[in-house]
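Q: In case you want the letters, here they are:
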Amino acid sequence: MDTLMLFRLLLDVNARAARRRIASLRQQSLLMVSVIALFIVGYSISGYFLFSLGFKHLASIPGLGVLLADRMLYLFFAFLFVMLVFSNMIIGYSSLFKSQETAWMLTLPVRPTDVFRWKLAETTVLASWAFLFLSAPLMLAYGVARHVSGWFYLKVFVLFLPFTVIPAALGSLVILLVARYMHRRLFKWTLFGLGIGAILIVVFGLKPMQVAELQQAQMIAAMNQLLHNSNITVQPLLPSSWLASSMIAWGENWTSRGLFYFAVLLSNALMATLVCVTASSRWFYEGWSRNHSQGNLLLGVPLLDSNITLPRMGLLDSLVRMLPGLDSSSRALVIKDVRTFWRDTSQWSQFVIFFGLLGLYVLNLRNVTYDWSNEYWATFVSFLNVGASSMTLATLTTRFVFPQFSLEGKRLWIIGMGPWGLKRVLLEKFWLSSIGAMSITVALTLTSSAMLKVPAWLTLLFTATVVLMSLALCGIAVGIGALFPNFGNGSTANRRDDNPAKIVSGFGGTLCFLVSLVYIVIVIGTEALPMYSQFTDGGLAREARPLPMVTAWLFVSLVSLVATIVPMTLALRHVEKLEM
Amino acid sequence: MIRTEHLTKRYGSLTAVNDLNLEIAQGEFFAFLGPNAAGKTTTIKLLTGLLKPTVGRALICGFDIQQNPVEARKLISYVPDLPFLYDKLEPMEFMLFVGQLYGMERSVVLRAADELFELFDLNGNRTQLIEDLSHGTRQRVVIASALLHNPRVIIIDEPMIGLDPRSARVVKDVLKARSRAGTTVFLSTHILHIAEELADRVGILNRGKLIAVGSIDELRKASGQGGALEDAFLMLTREAQQAGTLVES
Numbered sequence: 001m002d003t004l005m006l007f008r009l010l011l012d013v014n015a016r017a018a019r020r021r022i023a024s025l026r027q028q029s030l031l032m033v034s035v036i037a038l039f040i041v042g043y044s045i046s047g048y049f050l051f052s053l054g055f056k057h058l059a060s061i062p063g064l065g066v067l068l069a070d071r072m073l074y075l076f077f078a079f080l081f082v083m084l085v086f087s088n089m090i091i092g093y094s095s096l097f098k099s100q101e102t103a104w105m106l107t108l109p110v111r112p113t114d115v116f117r118w119k120l121a122e123t124t125v126l127a128s129w130a131f132l133f134l135s136a137p138l139m140l141a142y143g144v145a146r147h148v149s150g151w152f153y154l155k156v157f158v159l160f161l162p163f164t165v166i167p168a169a170l171g172s173l174v175i176l177l178v179a180r181y182m183h184r185r186l187f188k189w190t191l192f193g194l195g196i197g198a199i200l201i202v203v204f205g206l207k208p209m210q211v212a213e214l215q216q217a218q219m220i221a222a223m224n225q226l227l228h229n230s231n232i233t234v235q236p237l238l239p240s241s242w243l244a245s246s247m248i249a250w251g252e253n254w255t256s257r258g259l260f261y262f263a264v265l266l267s268n269a270l271m272a273t274l275v276c277v278t279a280s281s282r283w284f285y286e287g288w289s290r291n292h293s294q295g296n297l298l299l300g301v302p303l304l305d306s307n308i309t310l311p312r313m314g315l316l317d318s319l320v321r322m323l324p325g326l327d328s329s330s331r332a333l334v335i336k337d338v339r340t341f342w343r344d345t346s347q348w349s350q351f352v353i354f355f356g357l358l359g360l361y362v363l364n365l366r367n368v369t370y371d372w373s374n375e376y377w378a379t380f381v382s383f384l385n386v387g388a389s390s391m392t393l394a395t396l397t398t399r400f401v402f403p404q405f406s407l408e409g410k411r412l413w414i415i416g417m418g419p420w421g422l423k424r425v426l427l428e429k430f431w432l433s434s435i436g437a438m439s440i441t442v443a444l445t446l447t448s449s450a451m452l453k454v455p456a457w458l459t460l461l462f463t464a465t466v467v468l469m470s471l472a473l474c475g476i477a478v479g480i481g482a483l484f485p486n487f488g489n490g491s492t493a494n495r496r497d498d499n500p501a502k503i504v505s506g507f508g509g510t511l512c513f514l515v516s517l518v519y520i521v522i523v524i525g526t527e528a529l530p531m532y533s534q535f536t537d538g539g540l541a542r543e544a545r546p547l548p549m550v551t552a553w554l555f556v557s558l559v560s561l562v563a564t565i566v567p568m569t570l571a572l573r574h575v576e577k578l579e580m
Numbered sequence: 001m002i003r004t005e006h007l008t009k010r011y012g013s014l015t016a017v018n019d020l021n022l023e024i025a026q027g028e029f030f031a032f033l034g035p036n037a038a039g040k041t042t043t044i045k046l047l048t049g050l051l052k053p054t055v056g057r058a059l060i061c062g063f064d065i066q067q068n069p070v071e072a073r074k075l076i077s078y079v080p081d082l083p084f085l086y087d088k089l090e091p092m093e094f095m096l097f098v099g100q101l102y103g104m105e106r107s108v109v110l111r112a113a114d115e116l117f118e119l120f121d122l123n124g125n126r127t128q129l130i131e132d133l134s135h136g137t138r139q140r141v142v143i144a145s146a147l148l149h150n151p152r153v154i155i156i157d158e159p160m161i162g163l164d165p166r167s168a169r170v171v172k173d174v175l176k177a178r179s180r181a182g183t184t185v186f187l188s189t190h191i192l193h194i195a196e197e198l199a200d201r202v203g204i205l206n207r208g209k210l211i212a213v214g215s216i217d218e219l220r221k222a223s224g225q226g227g228a229l230e231d232a233f234l235m236l237t238r239e240a241q242q243a244g245t246l247v248e249s
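Order-wise, the sequence lines are chains Z and G. Its first residue numbered 1, the first sequence is counted upward by one per residue in the working numbering. Its first residue numbered 1, the second sequence is counted upward by one per residue in the working numbering.
It should be emphasised that the hints constitute simulated quantities derived from the structure, not laboratory data. As the structure is a prediction and not an experimental result, all values here were calculated from the model. All clues stand as given, with none of them false.
With a straight-line Cα cutoff of 30 Å, these simulated DSS-like cross-link-like pairs (lysine-lysine) come out:
#1 Z:98 - G:209
#2 G:172 - G:88
#3 G:209 - G:176
#4 G:88 - Z:98
#5 G:74 - G:176
#6 G:209 - G:52
#7 Z:98 - G:52
#8 Z:336 - Z:98
#9 G:172 - G:74
#10 G:74 - Z:98
#11 G:221 - G:209
#12 G:176 - G:221
Okay, chain Z solo, but in the shape it has when bound:
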């Protein structure tokens, strides 16, 4: 069967399935459809509004406005490019080497390279559509700020197509290489090593922040510094810079320049695809077979080899035994959850990426050349910090904690029939995830506060806030995860619940993320408000006026308590009535 015929058949099947999925929305609850619609509309409007404000503000800076707005595009697309490479790697690995469909297709009379081509196309779409959706308000805001015609948006859409192909081809090449030449276990340890390396860089690379000598009057110098720091994003070898250059050129009606960069993008996208497909003819089937034929690998490093059998050594048991107030059944549940996570490499890679990005963020704080002697900036950035940490935490709890109950789908009978019951299981998941989340967020908050030289009382306030937020976000994730579990339906119940990423992509996952976001906005808003009025009144954060802050914190505590208790109580009631 030739490639085009195969693609036509697969397209037909997938289009039919997609139509049925959309049609089935009508049978879903009104609440679910409303939540999804609210998210799409809410994000589009608020995103456009915020980006427009940003561009407006930049335009007001005399002489540098246009330059800064353009640089923002370069920065944004550079970030998008990196994210797309990672996203393609994660989705591509599951799609090429873990998917049941791929295994099935490899038994059909089609060439493995054709299977790879189809999966590459599928991965590109799956990995890119969300990023394109997220960047749409930015494009619109940029276009409006530049007073472009309607054609501009069509041109930008066409520009995006080759742009998304390059990271997809790059990501797939990396995956092919890893699958062909790297043992799964070695890959896990490499990721682990990279994670540890990132943490070490953060820990030992930290130096107390030097208060910058820049003053408001030196705004131009600050902007110069900003342009200098983001120079890497305009490197002419970066695909993101071709996209940004072409877009800027279209915006300015410089047709030939726009066309030139489009041609650069297109030719590189075609070349990257050619290289990737050619490599797949050598490495895809070999890699697939190798990936499914790997035995135990001894790395020859006693520490690493013994650590692979860490849970059997009883170290984990001993650690869990040290936790106070746990009876044997709770200990068994904790050990099971930790072991399951430890052994699931696909979960690890995403976990490491999250923390790699967070580490980079914290590391970069000291490079931000704002006026640190100005209390307003220091406090503003520390709030931004708590916001960023909690947003990341919300992503983490949605991605890793929310699916926990659904993942028990197949095993629910064994846990549910045990003497401890499902309520205990739910509480165990809540406490385990909360402790994990707290250890991360508290460490991050203390580190960033130390870097920003935030006053002790404010550090205490932030730390107490992230503790409350960790509890609340885990309560929301565990609670909604149990209230809207994704066990699949009918005969699919025993097959669909093994992929956490798929569980998250359902209604419950969306609801969990939205509720978490609303909660974060309320908390940060409540705490920032008294601080903001303090500044507008001419006061300084270091001259503590704690009463309004303490009142705000008490309100935050109340909201957090409600956010923790309500979903957990509803979930506990729900699982009590759950039929297995």
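Since the structure of chain Z is provided, determine the placement of chain G on it from the hints.
A: Coordinates of chain G only, in the frame set by chain Z:
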């Protein structure tokens, strides 16, 4: 139809399939037996080309599955123990898709699918989505789709799991009839009475080694057990186990 030459597969230090030499003729119904982790599924994956052998080769109708995978797969149908189906399709849509993947004309697929639906009692499920079908019905859809292009070799892994007695009977009858009509059937199973009932020849794999191959009577004789296949199987695998332990010690 199926030939393996020194077929060997190693997973790191573990040898899952060890120097397997097998020849299965056209129209033969071959049952592949063995205890858990004997290497049966690995052998099937090697025969279908899902895995690359460490040593040796597998030939399907004369085509080396590694050298000519597309040609060999045109002649095979493989039904794994956990088959893949598109949940959002209806059974007939799935049949059409599979038939066209094997290069069949739409009208030919529809005609063949009608017959198979009748045979497997699937007419009542035509307009249901696959995700709404029971496990047994899904299994019947998978087996029906595997027979659609009249394969010359059927490789099937534990087909009876989840089937009710009536469906199991239908599957057994259809497979036997296909075998009589000249299709080679390679069936891997734990259920010994199915092998006893259907197989022309039985192969027993233990720790990756083919420890016995022959007709049911030949295996009974080889084991020195006169009774059911179960007794012969237990005796032969026990002997192999003991021999293996002796070698290891």
